[in-house]
Amino acid sequence: MSQITDLGIAALRDGIRAGTFSAREVADAFVVAVSKAKALNAFIVETPDHALAAAKAADEARAAGETLKPLAGVPIGMKDLFATRGVQTTAASHILEGFEPVYESTVSQNLWDAGAGMLGKLNTDQFAMGSSNETSYFGNVVSPWRRGGGDNAPLAPGGSSGGSSAAVAARIVPGATGTDTGGSIRQPAAFTGIAGIKPTYGRCSRWGVVAFASSLDQAGPMARDVKDCAILLENMAGFDPKDSTSLDLPVPRWEADLSADLKGKKIGIPKEYRVDGMPAEIESLWQQGIDWLKDAGAEIVEVSLPHTKYALPAYYIIAPAEASSNLARYDGVRYGLRELPEGANLQEMYAATRAAGFGDEVKRRILIGTYVLSAGFYDAYYTQAQKVRALIARDFELAWDQCDLLLTPTAPSAAFALGEKSADPLAMYLNDVFTVPSSLAGLPAMSVPGGLDASGLPLGLQIIGKPLDEQGVLNAGLAIEQRAGFAARPEQWW
Amino acid sequence: MSVDTATVKKVASLARIAISDADAERLAPELNNILGWIEQLGEVDTSAVEPMTAVIPNRLRLREDVVTEGGQRDAVLANAPQGEHGFFTVPKVVE
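Protein sequences appear in the order of chains Y and X. With our numbering, the residue at position 180 of the first sequence is 180, and numbering never jumps. One rule links them: number in our numbering = place in the second sequence (from 1) + 494.
Chain Y extracted, bound-state conformation (with noise of 0.2 Å):
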């Protein structure tokens, strides 16, 4: 047999439900994984005892003779925004740094609730801000990647579910949660050669999530294929009366509905995605997911969604708007860091606290999100971007005329190194331009790894699904998936 940790979520669930192996074995091989791999730098906590307890639970109910949970064994990575309970929950910043929640948040208790343990809490951006993992507070993520040729320079994993790429890529976490607001699940899904998927906005909750741009924000898993996305998301979605915009709605059987057949299934190409520059590798990627949904039965056409070049401003605008009110709430009196200056007044505590506890990058998207939000910008900026967003949507309404999914590519390289465009605030901006739009509208939008790059690198495919078309999205990557038979890893260096 293969090692335990070569496995993914279904394997390992179906192993500890025909007694292959106990929860145990399958704990313990992860936790050491794990253990051997702080070069990642993938987690800022390790929670060894959560995975095992769970383990033991399930081998337990296994042992009486009970029905398992859906998960019931499986070990998973959690991406430090989630509030888990007595463990330290920092979003990678140190204005959180020693928080540790007396609360669950609703995703994180789903899938406790099905049987999963937790192996650690999965470093990231700061506040999830940022395309590269290189804003976290607790140092960069090396991505488990290297370009070929004895190039050995540290790659970035993605962001910001960097933490989740790297671990899930590298195999020391068989799937993780991730969180989505312009593209940090897909992104570093694509650069690591993993799947992940960002539902329809709503599915998951976001009560016990570390809010960044509440309007954009959305949980997904990240994992090695189409399926084990399908088992993790049925796990973490679900009605929350505690989150004013969760849907409610019943979950779907992801999973057992899942199917590659796309016969009189429509795929749209939109035309404005062929960006200026995109590197010949990334255009041939496309291409070649155009003839394997054809060959999965699909029928292609061309769409325009017009408003697409104006995407990435629009979110620059919203999301640090949003962030800016989110972020009023570190104050240093309620919980986290505070400082407090000698003879510092009420005032200046929050502002010395505010200044020692963000980072660069958070504070330059607070600071844009106050000067378009006050008096005198507000409808040039703001109210104009909301507008530009209702093109956007509409865009992608009147494509769904034409066709049932949209393929492109997912990002518009391959990974990049670590310290390459961390200088330069626009350009790593401009690594979302592909997943941005269907994060303003809202729509579900996967990752799925298509091919490599000349130098080995991974490069993914995205598919854009109709609103709560999530079993679309999935059956097209899964379509993907069985033609690209992508089978590359990393070669373990750490």
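Worth flagging that the hints you see were computed from the coordinates, not collected in a lab. Each hint should be verified, as a subset may be incorrect.
Listed next, the in silico DSS-like pairs over lysine-lysine satisfying Cα-Cα at most 25 Å (straight line) [stated by the list, open to error]: (1) Y/Lys271 / Y/Lys242; (2) Y/Lys421 / X/Lys504; (3) Y/Lys421 / Y/Lys309; (4) Y/Lys294 / Y/Lys266; (5) X/Lys504 / Y/Lys363.
Quantities reported herein were computed from a predicted structural model and do not represent experimental measurements.
Since the structure of chain Y is already known, use the hints to place chain X on it.
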């Protein structure tokens, strides 16, 4: 529209983030670069468009006006940097 260091300091003060003169000098061109880029939104004709308020049509629910989780004082205070006698404490604000 371009921001100068005085504007950066004013915005930072609104956002309650202490910044030094050197920070303001460094941030002004950075913010101008970003603001200059997002200003391309002005090209879009939005005269006939309502600003978006919800991505997925979803009526806000009302809940019963009852206490759902009361009596959690200690839990609420558990992570306070400083608390005394069951209260959050802050520097003196009234003489």
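These are the hints, each one checked on the structure:
1. Y/Lys271 / Y/Lys242: Measuring from Cα to Cα gives roughly 40 Å; hence the hint is violated.
2. Y/Lys421 / X/Lys504: 29 Å, violated
3. Y/Lys421 / Y/Lys309: 21 Å, holds
4. Y/Lys294 / Y/Lys266: Roughly 9 Å between the alpha carbons, so the hint for lysine 294 of chain Y and lysine 266 of chain Y holds.
5. X/Lys504 / Y/Lys363: It holds: about 14 Å lies between the C-alpha atoms, which stays within 25 Å.
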